[in-house]
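Engineer: Chain by chain, the residues:
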Amino acid sequence: MQGLDELRDRHLAAIEAARSEEELEAARLAALGKKGEVSLRMRELGRMTPEERKLAGPALNALKETLTEALAARKAALAEAALAARLEAERQDMTLPARPARAGTVHPVSQVTEEIVAIFSDLGFAVAEGPQIETDWHNFDALNIPPDHPARQEHDTFFMHRAEGDERPPHVLRTHTSPVQIRAMLDQGAPIRVIAPGRVYRCDYDQTHTPMFHQVEGLAIDRDISMAHLKWVLEEFCRAFFETPSIELRFRASHFPFTEPSAEVDIRCSWRDGQLKLGEGDDWMEILGSGMVHPKVLEAAGIDPAQWQGFAFGIGIDRLAMLKYGIPDLRAFFDADLRWLRHYGFGALDVPTLHAGLSG
Amino acid sequence: MKFTLSWLKDHLETEASLDEIADALTDLGLEVEGIEDPARTLGAFTICRVIEAVKHPNADKLKLCRVEAWPDGPDKPSQEVQVVCGAPNARTGLIGVFAAPGTHVPGTGVDLKPGVIRGVESNGMLCSERELMISDDHDGIIDLPQDAPLGARYIDYAGLNDPVIEIAVTPNRPDALGVRGIARDLAARGLGRLRPAPTQPVPGAFPSPIGVSIDPEAREGCPHFVGRVIRGVRNGPSPQWLQRRLRAIGLRPISALVDVTNYLTFDRARPLHVFDAAKVRGDLRVHLATGVERLTALDEKEYQLPPGALTISDEAGPESIGGIMGGAATGCDENTVDVFLESAWWRPSDIAATGRKLRINSDARYRFERGVDPAFTREGLELATRMILDLCGGEASEVVEAGAPRIERRSYRLDPARCVSLVGMDVPEAEQRRILSDLGFEIRDEDGAIMVSPPSWRPDVLGEADLVEEVARVASLSRLPARPLPRPEPGVPAPRLTPMQKRAARTRRSLAAQGFHECVTYSFISERDARLFGGGGDEMRLQNPISSEMSHMRPSLLPGLLAAAARNQARGFADLALFELGPVFDGPEPGQERLVAAAVLTGAAAPRHWAVPRRPVDAWDARAAAEAALAAAGAPVDRLTTLPTAPAWFHPGRSATLALGPKNPLAVFGELHPRVVEAMGLKGRAMGMSVDLQAIPFPKARGTARPPLQASDLQAVERDFAFVVAADVPAEQLLRAARGADKALIESASVFDVFDGPRAAEALGEGRKSIALTVRLQPRERTLTDEEIEAVSARIVAAVRKATGGELRA
Chain A
1 MQGLDELRDR HLAAIEAARS EEELEAARLA ALGKKGEVSL RMRELGRMTP
51 EERKLAGPAL NALKETLTEA LAARKAALAE AALAARLEAE RQDMTLPARP
101 ARAGTVHPVS QVTEEIVAIF SDLGFAVAEG PQIETDWHNF DALNIPPDHP
151 ARQEHDTFFM HRAEGDERPP HVLRTHTSPV QIRAMLDQGA PIRVIAPGRV
201 YRCDYDQTHT PMFHQVEGLA IDRDISMAHL KWVLEEFCRA FFETPSIELR
251 FRASHFPFTE PSAEVDIRCS WRDGQLKLGE GDDWMEILGS GMVHPKVLEA
301 AGIDPAQWQG FAFGIGIDRL AMLKYGIPDL RAFFDADLRW LRHYGFGALD
351 VPTLHAGLSG
Chain B
1001 MKFTLSWLKD HLETEASLDE IADALTDLGL EVEGIEDPAR TLGAFTICRV
1051 IEAVKHPNAD KLKLCRVEAW PDGPDKPSQE VQVVCGAPNA RTGLIGVFAA
1101 PGTHVPGTGV DLKPGVIRGV ESNGMLCSER ELMISDDHDG IIDLPQDAPL
1151 GARYIDYAGL NDPVIEIAVT PNRPDALGVR GIARDLAARG LGRLRPAPTQ
1201 PVPGAFPSPI GVSIDPEARE GCPHFVGRVI RGVRNGPSPQ WLQRRLRAIG
1251 LRPISALVDV TNYLTFDRAR PLHVFDAAKV RGDLRVHLAT GVERLTALDE
1301 KEYQLPPGAL TISDEAGPES IGGIMGGAAT GCDENTVDVF LESAWWRPSD
1351 IAATGRKLRI NSDARYRFER GVDPAFTREG LELATRMILD LCGGEASEVV
1401 EAGAPRIERR SYRLDPARCV SLVGMDVPEA EQRRILSDLG FEIRDEDGAI
1451 MVSPPSWRPD VLGEADLVEE VARVASLSRL PARPLPRPEP GVPAPRLTPM
1501 QKRAARTRRS LAAQGFHECV TYSFISERDA RLFGGGGDEM RLQNPISSEM
1551 SHMRPSLLPG LLAAAARNQA RGFADLALFE LGPVFDGPEP GQERLVAAAV
1601 LTGAAAPRHW AVPRRPVDAW DARAAAEAAL AAAGAPVDRL TTLPTAPAWF
1651 HPGRSATLAL GPKNPLAVFG ELHPRVVEAM GLKGRAMGMS VDLQAIPFPK
1701 ARGTARPPLQ ASDLQAVERD FAFVVAADVP AEQLLRAARG ADKALIESAS
1751 VFDVFDGPRA AEALGEGRKS IALTVRLQPR ERTLTDEEIE AVSARIVAAV
1801 RKATGGELRA
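Residue numbers (our numbering), protein chains in the order written: chain A, 1 to 360; chain B, 1001 to 1810.
Simulated from the structure, these hints should not be mistaken for laboratory data.
Everything numeric in this text was worked out from a predicted model, so none of it was measured.
C-beta: ideal position from N, C-alpha, C; glycine also.
It is possible that part of the hints are untrue.
Partial selection, computed: residues in chain A whose CB lies under 8 Å from chain B [what the hints assert, rightly or not]:
1. Pro-100
2. Pro-131
3. Cys-203
4. Asp-224
5. Glu-235
6. Phe-251
7. Met-292
8. Ala-332
9. Ala-336
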């Protein structure tokens, strides 16, 4: 066969020269299409002698195969180049920020309340609740604070308006969470273990006081609960809450009408360069009031003080939050300043648990 | 309660240091609130001599003094120092008080530095009493007698080296409102010995010209009244030691007679009163005020005595508010010659009531309303008589007395084991007895039982628990051991939270996860804000609000959140998403409160962003928040209906109620009414929602297992329908009709397009709009044929037509 080498070289060059799918198709048609040079040559085979065909047939077939392979290779190469060009064209600035997702926060008071609940739940305390507008009896009398007791003046009580002709003593905004003790004992009797977190109100507003704040009351009544159990519970609580194993508490005699004996509890701390550290140092800071529930309080709540005894305590939740998380100003708790909420708030998924660690 | 260390040592013989005493006081429950130690503030001021004072070369009113000072103490050599001084009494030979450079001067609050005054060096200061803050005297520098010890510390010479201790006294301890009571506690603690203080009665030289009586109806409130006249007194200033003590505790010395009564108020917790006998007309009578009596008291204010107030009157009328404050008309002054001294016992509840009504806070009221020792009335009179005679001279009459001391003898059984069982502290019985006895309790053994009687000055001790408290307190609670409290059940702790408590916690975290920031706002708001939200009634008013901004219990969480949003807007934050979870108040009785979760949104839905068009928040953002809160709270959100009504504080056309049936609303949401938004001080539009957490029914208890999953492998089919309906047809009606067309086959239906407004009216006809639904059909048994799909579609169209009159859009 004459000129096959020339034919091959020419068509291979045309295939290689194709710059697009269209050009490649044109090259294919020129070689292998119905009227392509190679096809025409193959058509000539029929007119050849068997000897000639024996030689020319395989040669032409080989040529067709070579060109077919070259076409496929060129097609792949063109596709590859096209993809590369597309990818290059689609390049974007990945340093641009993602679409925003809003993230909210949980208030420190809620977070700390959940932490407190997590710890006391583990110690067997349920969570009790009570109304914030409270009767004079639940807030005072039942807690061994009779009407003319000087302690009443010290409570800076908010009173609800009384309509003309309503001779009942005015209701109060509860000045402490202690009335929840009374309600819980009246509801459940003894033995009982509850904590009662919630809002309380005092008619006081200055640098360190707000007319509303939060307390958690604790109450445990059983046959043989003593003040030594109280100390253990408070120590365990403080160690778990502050996540500081070296926490040390000091009990100091005090007086609350609803407990006897009563103790104020101090926590060991140090002040260095304006930084407070708990569980070390030579200073003591008062953190809560506590004591053994007064027999008169048990009686008022329908529990026989000859059979039952136990302890109660009250802690400021806002103050615990301030101490643990280094929040300086109580008043800001209730101001809803977005900057404050973002800075001191907690993520929605930061659910405090004992097994994972309260603060994560 | 304030006192000085030397005053305490009048009653307590002790070697203990100031720090030991302070620690013991705090530990005993008499919490030390502060100690002012003059040695710390005034220890550097020493006595000096002015060698020579000459006129300042460059100033007429200044003097140039050569001062001899002893910087290293009186035993060491002296030094000469040049000081410029402006005091008129600076003169050659003056013995004064010197402060060297580096000394902190309390009266000026500055640290002295060497200086140049009008061109002349000055290396220290000659001090006035005001500069040392020991009096207001600033007329000149301190001018001491010639025999004052040169070089010595001034506070030692002047008797000012007496630390002042301030303690907080709890209401149960009236006895600790006197120095002697404090000393008794410390002695029981083992810090020394209580010095005996027997009272020597002063014999009367003549019958008292003024008599006393108590009206029968006043005897409950004033069971005992004693008094006497002391005639021929000279009422000048009291002696220095007495003035110093009173000043140290913050009292102003007035005159010897008044100072004596003040002194015993603090020394023995025994308030007394002195009348100028010459101004008293006839006898004194204790009675209950009828309501017409008026009296100008010693504070120069006129008071209308409330009916029932214990009053002391003479023939001229009321002269003293019993147990609270004396009257100005019969007060003593420097001309007083004859004095009537009163010692009476007033019932705490009467004093508390009258004091509260008159708003008088006197040292006498403070003590009587807590309980003054009823057994000390007569002794107090004798002590005061003795002091007055010593300080003012004169002659005492016989004592006149009305009534008798009311001393309740009471005793309680003490079980020594109670200390362990109640407190958990093991205090030996002998120690318990010693402590009680040192505190003045009487102990008797009766039939094998220990009976304990509290002393007359301890009205607070009313049972065995109080006795145990005394023992534990004095033995020191710092010795209290910690004993583990066993869990109520062995093993893994049981769940503790109630379903409502869990609901609240989940709702809170869900809203935070939706991008809302939790706020805690006050439960009381202004009347105006409360009225905007359906509250503000008189019954919800506080009797004594802290301000008019916090006067009414809130009927809704929204006003507090809107106010918070307005504050944040003012700080430059426009895009806000705030929520609160807390109580709202429906009525003034306990229990008329509900737990609510509410949220507000203002500004844009997202910050400005290169890829997201800025969209203002709208009512559907509020709806999304409400639905998220409802879902977290366990409400069946897909079964709720949207009722077209909402409270008046919402935009009437852009708000709705989400309800479980027409009678059970669970939440409201929408755009706030423009008038409310404006009134709350907000700019732009505000969206809000409020979910009534207690209205949501709790799902029926079921096991933990879920129903089996019904997932079909057959191809689902989606079909879209565009309906033309009247413009006021709610979309929910279409959806409901479409979903109901074939409950088995239709898996879901939702709105994917709404075409309404003027352009819709133009295209579809006045009062028309178009709503496009997409419906997903999920076959369960076999693939749907085209005929079946057409049949379902026809049913959907028919159902929508029937429910809304809507037609497929051509």
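Engineer: Would you mind marking each hint as holding or not holding in the structure?
Structural biologist: Okay, the hints, checked on the actual structure:
Satisfaction of the interface hint for Pro-100 (chain A) is found here, the shortest Cβ-Cβ separation to chain B being roughly 5 Å, below the 8 Å cut-off. Annotation: interface hint on Pro-131 (chain A) holds; nearest CB of chain B at approximately 4 Å, less than 8 Å. Taking 8 Å as the C-beta contact cut-off toward chain B, the hint placing Cys-203 (chain A) at the interface holds, the least distance being around 6 Å. A distance limit of 8 Å between C-beta atoms decides the matter here; for Asp-224 (chain A) the minimum to chain B is near 7 Å, and the interface restraint holds.
At about 5 Å, the closest approach between the beta carbon of Glu-235 (chain A) and any beta carbon in chain B falls short of 8 Å, and the interface hint on this residue holds. For Phe-251 (chain A), the interface hint holds, the least distance from its beta-carbon to any beta-carbon of chain B being 4 Å, beneath 8 Å. The closest approach between the C-beta of Met-292 (chain A) and any C-beta of chain B is roughly 6 Å, which is under the 8 Å cut-off, so the hint is satisfied. For Ala-332 (chain A), the suggested interface contact is broken, since its CB lies about 11 Å from the closest CB of chain B, more than 8 Å.
Proximity of Ala-336 (chain A) to chain B holds as hinted, the smallest CB-CB distance being about 3 Å (cut-off 8 Å).
The earlier numbered hint that this structure contradicts is number 8, and it is the only one.
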